[in-house]
Amino acid sequence: MKFSLDFIKEFVEVKVSPEKIASLLTMSGLEIVSTEKVGSDTSFEAEVTSNRPDLLSIAGIAYEVGALLGKKSKLALKKVPKQPVFNIPIVIESRKDCPCYFGRLIKGVKIEPSPKWLRQVLKSCGIASVNNVVDITNYCMLKWGQPLHAFDLSKVEEKIIVRRAYPQEKLICIDNKERILNPEALVIADKKSVLALAGVMGGKNSEVLSSTRDIFLEAAIFSPILVRRARRFLGINTESSYRFERGVNPVYLEQASWEAAYLIGKLAKGKISGCKKAGSLPLVRRPWIKFEVDRMNGFLGTQIKQAKAGKILNDLNFEIEKKKTCFLVKAPSFRQDIKASQDLYEEVVRIWGYHNIKESLPLIRKEIRKEESFYKFKESIRSKAICLGFKEVVTFSIIPRKNVLSDFLQEPVKTRGFFSSSGVTITNPLRLEEDLLRPLIFPGMLEVLRYNVYRKERSLKFFEIADSYVLKDNSFRETAKLCLGWHSDTIDDFYAFKGKAEFFLKALGIENPHICEEENPLFSNFCSIDDFAWVGVLRSDVAEKIDLAKVFLAEFDLEKISKKAKEVLFEEINYLPWVERDISLALREDIRFKEIETIIKNKTASLFRSLEVTDVYKGEKIPRGFTGFTLRIFYQHKTKTLEAQEVDSVHFSLRAELSKLDGLLLR
Amino acid sequence: MQEKFNVIKQEAQEAIRKVSSLAELEEARVRFLGRKSKLASLSATFSGLEPSQRPEAGRLFNEVKVFIAGILEEKKKTFSFSKERIDITFPSKKTDTATKHPLSSVVRTMCHIFEAIGFEIQEGAEIEDEWYNFQALNIPLEHPSRDAFDTFYLDLPAQGKYKYLLRSHTSPSQIRLMKKRKPPLAFVVPGRVYRPDNVDASHSFMFHQVEGFAVDRDITFAHLKGTLLYFAKHMFLDEAKLRFRPHFFPFTEPSAEVDISCIICRGKGCSVCKRTGWLEILGCGMIHPNVLKACGIDSKKYQGFAFGMGVERIAMLKYGINDIRLFFENDLRFLRQFYEV
Chain X
92 MKFSLDFIKE FVEVKVSPEK IASLLTMSGL EIVSTEKVGS DTSFEAEVTS
142 NRPDLLSIAG IAYEVGALLG KKSKLALKKV PKQPVFNIPI VIESRKDCPC
192 YFGRLIKGVK IEPSPKWLRQ VLKSCGIASV NNVVDITNYC MLKWGQPLHA
242 FDLSKVEEKI IVRRAYPQEK LICIDNKERI LNPEALVIAD KKSVLALAGV
292 MGGKNSEVLS STRDIFLEAA IFSPILVRRA RRFLGINTES SYRFERGVNP
342 VYLEQASWEA AYLIGKLAKG KISGCKKAGS LPLVRRPWIK FEVDRMNGFL
392 GTQIKQAKAG KILNDLNFEI EKKKTCFLVK APSFRQDIKA SQDLYEEVVR
442 IWGYHNIKES LPLIRKEIRK EESFYKFKES IRSKAICLGF KEVVTFSIIP
492 RKNVLSDFLQ EPVKTRGFFS SSGVTITNPL RLEEDLLRPL IFPGMLEVLR
542 YNVYRKERSL KFFEIADSYV LKDNSFRETA KLCLGWHSDT IDDFYAFKGK
592 AEFFLKALGI ENPHICEEEN PLFSNFCSID DFAWVGVLRS DVAEKIDLAK
642 VFLAEFDLEK ISKKAKEVLF EEINYLPWVE RDISLALRED IRFKEIETII
692 KNKTASLFRS LEVTDVYKGE KIPRGFTGFT LRIFYQHKTK TLEAQEVDSV
742 HFSLRAELSK LDGLLLR
Chain C
1077 MQEKFNVIKQ EAQEAIRKVS SLAELEEARV RFLGRKSKLA SLSATFSGLE
1127 PSQRPEAGRL FNEVKVFIAG ILEEKKKTFS FSKERIDITF PSKKTDTATK
1177 HPLSSVVRTM CHIFEAIGFE IQEGAEIEDE WYNFQALNIP LEHPSRDAFD
1227 TFYLDLPAQG KYKYLLRSHT SPSQIRLMKK RKPPLAFVVP GRVYRPDNVD
1277 ASHSFMFHQV EGFAVDRDIT FAHLKGTLLY FAKHMFLDEA KLRFRPHFFP
1327 FTEPSAEVDI SCIICRGKGC SVCKRTGWLE ILGCGMIHPN VLKACGIDSK
1377 KYQGFAFGMG VERIAMLKYG INDIRLFFEN DLRFLRQFYE V
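Chains as they are written, first to last, in this note's numbering: chain X, 92 to 758; chain C, 1077 to 1417.
Hints should not be assumed to be uniformly reliable.
[To be verified] Just a sample of chain C residues kept apart from chain X, beta carbon distances all over 10 Å, derived:
hint, residue
1, GLU1132
2, GLY1396
3, ASN1398
[Said to hold, decoys possible] If you only want the chain X side, here are some residues facing chain C, beta carbon under 8 Å, derived:
hint, residue
4, PHE102
5, GLU136
6, ALA137
7, THR140
8, SER488
9, ARG492
10, VAL515
11, THR518
12, ARG541
13, TYR542
14, TYR545
15, GLU548
16, ASN565
No lab work stands behind these hints: they were computed from the structure.
Here the structure is a predicted model, which means the values were calculated and not measured.
Just so it is clear, CB atoms sit at the ideal spot from N, CA and C, and this is done for glycine as well.
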């Protein structure tokens, strides 16, 4: 809303500078975003919040300025003289859509440019001058906040009808654009055709032009919701729709209409010749609200005097009735936003000044109990992932249906969930197809790996903690997940990745989880860990397709994990010396390490402490189809120092046992 | 025997005198005192001596050993270690460490500041319905006040008349907590939120907020101001000032928008604060009685404040980041500039 300081000055005496006015208004809730000199006048541009339609009028702003300067605006309602009723029928189809429609006739006008003063006021208020009649309707809208519309009476066929548009009905608006309407839109029509889009814009067919002689002046109240829908549907925002959408003050309707008619009569030399009202003005409820200054001070933490509060409310044009212990306060008709005592507190304190409220810290009372916080659990997961060497990333929860993996999945949305689930989609996405709430986190992870690989980074370790969303039995589940992603040039790093995943679970006190290897269309290796996680090696053709080398991924369901996690307790240290023995062997590729491990553990039994692979090689000395490696086995007794002979005998029998295994060569 | 010890003594004295580096000194130590030294092999012959001669031999052995150890120690002290010096101007090995994403560390810092004065940290879900996201927060359907909250709707069967959506602010969590717990209440709620905004340097369709609220019998606007000032001083600078401008939010009354004195120019006026000296950082107010009512809290007995702020905005101000997209690109050259773990 742009407004002129001179216009305000007609109603309230202003002795301070325009800058001071701008700052006072900004600090009391009407934010002035720009100030501009227009001749001797000043034009302010204000951002009006949606609860204050009254500030879309000079009348409303004048009360604000007055209260801020400690005086009351002199704006007064004039008595509207009685007029004969004209005989053009006005028909309102639905009172819900339009409770009241008020028409006036002004005949024999002379359409001319507006006088200089009028043009100047409009200019300062950011409205272009058209001709005297249109300018007067705009002037009165600015002053009272009530949009008005002037029709060329000669173009109105027989009657005025306020009705819903017919399907596919067309209207060329005064901006020369044709609009196709639907029954959601409220229109003003005559017997034949649509004349205007109610509360939004007039039609070309009934526009006031230099040839116009007789004026039909409209002042009405239209349903804010219908105006809102129409302007959203048609994509036009006008001074008029802006005000109707926020609600106009019924009390000012006849005032604005009369003042416009009077000015048209005066400036365009027309004859005011009758009026007619269809429907009735909506009742303006102005209840008495109890205002207790102590309660206000207790609410705000202030010490505002009762007299001061009374003066502010009075300057804002509130009616006050003093009672023994409180005020009864009635808001002015243009302040329909005032409903309860809190609203009055705000009125007083915003004029009194928020800056006058002294800061203090609340003493927050707390129950004595443990505060369980999932946020804190996630923070502990975050630290663990960082300790394991993964850098945190944040990626979007909304992903395109067609993403890095779509080529590998028949029906991306459905088969992506290897947990036999599908994704939740957005009905109004920003971009078509970018509408999937990710059921898994790793597609975002792959994007991050790829982004950085394109920037010449090869060795990457990332994690993300975010929610995933899956559809399940006609309902949905939103779950926090941890996703680990590792990019490397060598498959051997998988074992380092595996080590970190194991360490992660160990740190959470989760021991011996059930690991199950599975087939998966995206992964060459894939296994689930209980029901709370999976780990996988991305298939090389999938990785290549997206320009990646080796990719290891894992996802953990943090809600399930939080239920399993327990504190890890201290375990007594075994200070007894241990003995190590190496075994060099070669294993045929179809034999899995697990088999040897079982033998080792069985054979060494209580002396077994741990084992470690010290080196792996494939080469000339190793037969084809075999992998050579050296195993170091650590022996330790629980209660006594081990003798070399004891270890040797166990180790020897272990070697003997291993040598019996087909596909294993001792070297 | 005495003779042999003297030879060793002299030999050692001579050799150690010539030593010119710590490495050579170590060699000398091994040569004269080590397991394979002449001294050691000499001591191995003691068992062949007459028992009466053994004590004397032992005494001599010790004397020589102590003597050699002494001159080795003396020699060590004479070194200036100059030759041990390395070129410390040689390029260092690159260190890269795992870190938190800057948004996570800013969220943690923010939450911990409030936690220190009694707020509890909780989270809420991102999929919400219209009742929690709008209705309970006193935001009517089809009202201009909803324009600020354009929302992603979800293809899920509605709960009664309320459609599912992605929360457009963290305030639904305020409703859930107020419904679940009884006053006194004091919570901060961090989380992701979504609005269909086209992405540019200062907009993203996904971003983060921290919501905070306190409800008790005597929580006032003055407490709101104090709490936020405490936050601003800890988050930014002790000399930070706040400016509360009256504003409108459907869920608070009175409401305010809050500006912080520009942390770049310290209020003098610069391009970041558009010469005003102030930067808008959050919205807040006293919780609207309708909101308390929707949560089953008696607004005659209880009152409270609420605030909400954008984490990206705070992070951008804190670190001087000028483009919101950097947070979601995850470029290592960006991530490596943050050191919080």
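Outcome of the hint check:
1. At roughly 39 Å, the least C-beta separation between C:GLU1132 and chain X is larger than 10 Å, which holds for a residue marked as non-interface.
2. Residue placement check: C:GLY1396 keeps its beta carbon more than 10 Å from all beta carbons of chain X (closest about 19 Å).
3. No beta-carbon of chain X is positioned within 10 Å of the beta-carbon of C:ASN1398; the least distance is around 18 Å.
4. Residue-level restraint check for X:PHE102 is violated (minimum Cβ-Cβ distance to chain C is 22 Å; threshold 8 Å).
5. A least Cβ separation of about 15 Å between X:GLU136 and chain C goes past the 8 Å threshold, and the interface hint is therefore violated.
6. About 13 Å separates the beta-carbon of X:ALA137 from the nearest beta-carbon of chain C, more than 8 Å, and the hint is not met.
7. Restraint check, X:THR140 versus chain C: the minimum CB separation of about 4 Å is within 8 Å; hint holds.
8. Nearest Cβ of chain C to the Cβ of X:SER488: about 6 Å, under the 8 Å cut. The hint holds.
9. For the restraint placing X:ARG492 at the interface with chain C, the shortest Cβ-Cβ distance is roughly 12 Å, beyond the 8 Å limit, so the hint is violated.
10. Taken as an interface hint, X:VAL515 checks out: its beta carbon lies about 6 Å from the nearest beta carbon of chain C, inside 8 Å.
11. For X:THR518, the shortest C-beta to C-beta distance to chain C is roughly 5 Å, which falls under 8 Å, so the interface hint holds.
12. Of the supplied interface hints, the one on X:ARG541 is violated, with its beta-carbon coming no nearer than about 11 Å to a beta-carbon of chain C, more than 8 Å.
13. Annotation: interface hint on X:TYR542 holds; nearest CB of chain C at approximately 7 Å, less than 8 Å.
14. This hint is violated: X:TYR545 has a C-beta 10 Å from the nearest C-beta of chain C, more than the 8 Å allowed.
15. The closest approach between the C-beta of X:GLU548 and any C-beta of chain C is roughly 6 Å, which is under the 8 Å cut-off, so the hint is satisfied.
16. At a threshold of 8 Å, the smallest CB-CB gap from X:ASN565 to chain C is about 7 Å, leaving the interface hint in force.
Hints 4, 5, 6, 9, 12 and 14 from the earlier list are contradicted by this structure; the remaining hints agree with it.
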